[in-house]
Amino acid sequence: MANRVDNIIQENSIFRIGTVFSVEGREVKVKVDKVKNASHLLYKGTLIKNVSVGGYVKIEKGFISIIAKIEGESIKEEKQAIQEYGKEENKINRILNAKLLGYIENAKFERGIKELPLIDNECYLLNLEEFKQIHQFVKPNDKPIQIGTLALERGQEIFVGVNSLFSSHIGIFGNTGSGKSYTLAKIYRQLFKAFENQSKFKRNARFLLFDFNGEYNSKDVIISNKKVYNLSTKDINGKDKLPFCESDLLDKNLFSILASASEKTQQPFIGRTLEFYKKVIGVDEPLNYFRNILRKRIEDILCMSDKVKASLLLDYIEQILPEYVDNSGGVGSLRDDFAWRPDKFCYYLGDFKNYQCFTEDVNFVKETKLYKQVDQFEFESDFISKIIHFLYLQLIHDVLSNRANNEHIAPAINKLKSFQKDIAKVIEITDKSVDFWGNDYLAVINLNEANINIKKLIPLLISHKLYSEHKNHKSDNELEKSLNIIIDEAHNILSYESLRESESWKDYRLETFEEIIKEGRKFGVFLTIASQRPSDISSTIISQLHNYFIHRLVNNKDLDMVEKAISYLDQVSTEALPILGTGMCILSGQLVQMPVIISIDTIENQHKPNNETINLLKNWEDEECPF
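Residue numbers (this note's numbering): 52 to 678.
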């Protein structure tokens, strides 16, 4: 017992560094004892690092140990006469500026302020056990995975809890070459290693990674067993295609975005068309139903007395019908067997002398090639092409009924047609239940060879679909299902400053992901975003993230965004951002009690992302040439 007391007294005498002399809210100033100004202290034959900026102090107040982090230091000269001091330097006091973090109670560190220190409370260095306690980030009922070590204390391993990290929205930020993609790969690599043999994990967990640069599509990157979709708009027929049901795409907002539809005229028209489509597809014989409507519209058009309008609507009819092949095998005209009589204001069949006006007997319309060609009409296998046919037919109906103006609607259809080929290269319509993963739990969608429109469309389309399904699953009590959406280079789709798209498209895209990040946690949907330009990303999204891995950032706009949007950062961490080494990052958020600078552990070579910077010397120098 006596030895234990002696050890405590000895430890306290060595570890004591000074006393509190100022308390202003969370900010505390500590006057360091003059004998404790050395860089290291000797304790039981071991050198101990003395307190410094970025380190911690323990303030003893009764039976409570209050923990503070040193954010700065200064010196203060005492005003007494010099002769009171043996040496000149003894009149200089070292002052530590610290900010309260939490307290230790029952051998456990708790973040927050329970009590404020008092003037003259003694301050101590942390012993090894206390240091470990404040860097214990795994809750008792959670599963730990190691992701790195403290950057300034290499021996201190950093573990995080699986549930605390992956049941949250994660932000990974850093300039090119700072280790951002490496960190993303590392944390998910550790997760999959920990659960790869768990059958419930394979059944209930799904991970979807949007890869804009082709860094994760190689066979062994992160894990070997994954489903990879290599999408391309460069190849004529595309490479891989994503499966969708028609119902996934029958969304008024989606088509309005694709068509850059105006709110007052074009969007209501698209809505009417989609309802028309659902009605036709829902009948017993949809093809015959569509053909009969088409025949009736041809009759209405050929009986019109307005040639200009009729000619325009006939153009739309020809957009719907297949090409007419004549007896010689060539493409013929569908209009050469009828003509317009200006004296009668009508279309007619026959020659100018012997004719039959359609307005006098509509049955003659049935003898035209145009009418008969309806028998050759078939629904397109390409979904967008099929919808375009419905759009033209709806436009004909609206113009005939004076419900819409051609000049107002046609541009939206033309815009949608410009997307048609690209969408067909990356999407296939299936009658089966859509599953992007097959037998795997990680799906990688490689968008490296897709154009800018598809890069923005596909993540939005899939995320919206899957998020909606998870919301419905909650009502079905399927809460065991979880989805982690991972977006590398997230500024490609989450930027609020894009000049390449309409405001409606931008708003719809951001609103979708903002809803996911605000509400997704309730439905088991979690978002991980990585970006080299956090300032380009919606501040709403940045501020709603729960945990952050922040690598080196040097751009002032990025630094300002991070400082304003992330409340968990302290001054020391913020000032360290521009000078962090490659592979080092600040871990901050709900996961940890306070921001810490960590070095991310290495990944096996075969599991690294394909993002290494080209070695110019290796490619430029001959092997026999000395450096």
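Treat the hints loosely; a few may be bogus.
[To be verified] Mimicking EDC-like on lysine to aspartate or glutamate, the simulated pairs with C-alpha atoms at most 20 Å apart in a straight line are: (1) 112 x 193; (2) 278 x 479; (3) 532 x 193; (4) 358 x 402; (5) 347 x 433; (6) 516 x 429; (7) 358 x 369; (8) 423 x 479; (9) 150 x 181; (10) 466 x 402; (11) 404 x 388; (12) 573 x 621; (13) 468 x 486; (14) 82 x 128; (15) 615 x 672; (16) 150 x 171; (17) 112 x 84; (18) 404 x 418; (19) 303 x 388; (20) 437 x 388; (21) 437 x 479.
[Stated by the list, open to error] Restraint-style ranges between C-beta atoms, simulated for each label pair: (22) 333 x 190: 49 to 55 Å; (23) 456 x 436: 22 to 28 Å; (24) 436 x 566: 29 to 35 Å; (25) 126 x 558: 51 to 57 Å; (26) 165 x 194: 34 to 40 Å; (27) 335 x 615: 22 to 28 Å; (28) 123 x 315: 18 to 24 Å; (29) 285 x 566: 19 to 25 Å; (30) 673 x 247: 54 to 60 Å; (31) 287 x 607: 22 to 28 Å; (32) 247 x 486: 55 to 61 Å.
Hint data in this document are derived by calculation from the structure and do not stem from the laboratory. We put the beta carbon where it would ideally sit given N, CA and C, even for glycine.
How the hints compare with the structure:
Simply put, residue 112 and residue 193 have alpha-carbon atoms about 32 Å apart, too far for the 20 Å limit, and the pair is violated. With a CA separation close to 17 Å, the supplied pair residue 278 and residue 479 stays within the 20 Å bound. Using a Cα cut-off of 20 Å, the hinted pair residue 532 and residue 193 holds, with the two alpha carbons roughly 18 Å apart. Among the hinted pairs, residue 358 with residue 402 is consistent with the structure: their alpha-carbon atoms are about 18 Å apart, no more than 20 Å.
With a CA separation close to 25 Å, the supplied pair residue 347 and residue 433 exceeds the 20 Å bound. Only pairs whose Cα atoms come within 20 Å are accepted, and residue 516 paired with residue 429 is rejected, the gap being roughly 29 Å. At roughly 16 Å between alpha-carbon atoms, residue 358 and residue 369 fall within 20 Å of each other, so this suggested pair holds. Between residue 423 and residue 479 the CA atoms are separated by roughly 31 Å; this puts the pair beyond 20 Å, and the hint is violated.
Proximity of residue 150 to residue 181 is assessed by CA-CA distance (about 18 Å); at most 20 Å being required, the pair is judged to hold. A hinted pair counts as satisfied when its Cα atoms are at most 20 Å apart, and residue 466 with residue 402 does not qualify at roughly 40 Å. The straight-line distance between the Cα atoms of residue 404 and residue 388 is roughly 14 Å, inside the 20 Å bound, and the hint therefore holds. For the given pair, residue 573 sits about 29 Å from residue 621 by alpha-carbon distance, which is inconsistent with the 20 Å threshold.
At roughly 28 Å between alpha-carbon atoms, residue 468 and residue 486 are farther apart than 20 Å, so this suggested pair is violated. The hinted pair formed by residue 82 and residue 128 meets the criterion: a straight-line CA distance of about 12 Å does not exceed 20 Å. As the CA atoms of residue 615 and residue 672 are separated by approximately 47 Å, the hinted pair breaks the 20 Å bound. For the given pair, residue 150 sits about 17 Å from residue 171 by alpha-carbon distance, which is consistent with the 20 Å threshold.
A distance of roughly 18 Å separates the Cα atoms of residue 112 and residue 84; the hinted pair therefore holds under the 20 Å criterion. Straight-line distance between C-alpha atoms of residue 404 and residue 418 comes to about 18 Å, which keeps the hinted pair within the 20 Å bound. Annotation: proposed proximity of residue 303 to residue 388 is violated, straight-line Cα distance about 40 Å (limit 20 Å). Of the supplied pair hints, the one linking residue 437 and residue 388 is violated, its CA atoms being roughly 28 Å apart against a limit of 20 Å.
This hinted pair checks out: residue 437 and residue 479 have alpha carbons roughly 13 Å apart, not beyond 20 Å. At roughly 52 Å, the beta-carbon separation of residue 333 and residue 190 lies within the given 49 to 55 Å, and the hint holds. A hinted range of 22 to 28 Å holds for the C-beta pair residue 456 and residue 436, which are about 25 Å apart. Evaluation of the 29 to 35 Å hint for residue 436 and residue 566 yields a pass: the beta carbon distance comes to about 31 Å.
Between residue 126 and residue 558 the C-beta distance comes to about 55 Å, which sits within the given range of 51 to 57 Å. Taking 34 to 40 Å as the suggested C-beta distance range, the pair residue 165 and residue 194 does not conform, at roughly 29 Å. For residue 335 and residue 615, the Cβ-Cβ distance of about 60 Å falls outside the hinted range of 22 to 28 Å, so the restraint is violated. Between residue 123 and residue 315 the beta carbons are some 58 Å apart, a value that contradicts the proposed interval 18 to 24 Å.
Between residue 285 and residue 566 the CB atoms are about 33 Å apart, so this pair departs from the stated range of 19 to 25 Å. Checking the proposed 54 to 60 Å range against residue 673 and residue 247 shows it is violated: the Cβ atoms sit about 45 Å from each other. Checked against the given bound of 22 to 28 Å, the beta carbons of residue 287 and residue 607, roughly 45 Å apart, lie outside it. Remark: the range hint 55 to 61 Å for residue 247 to residue 486 is contradicted by a beta-carbon distance near 20 Å.
In terms of the numbered hints stated before, the structure departs from hints 1, 5, 6, 8, 10, 12, 13, 15, 19, 20, 26, 27, 28, 29, 30, 31, 32, listed from lowest to highest.
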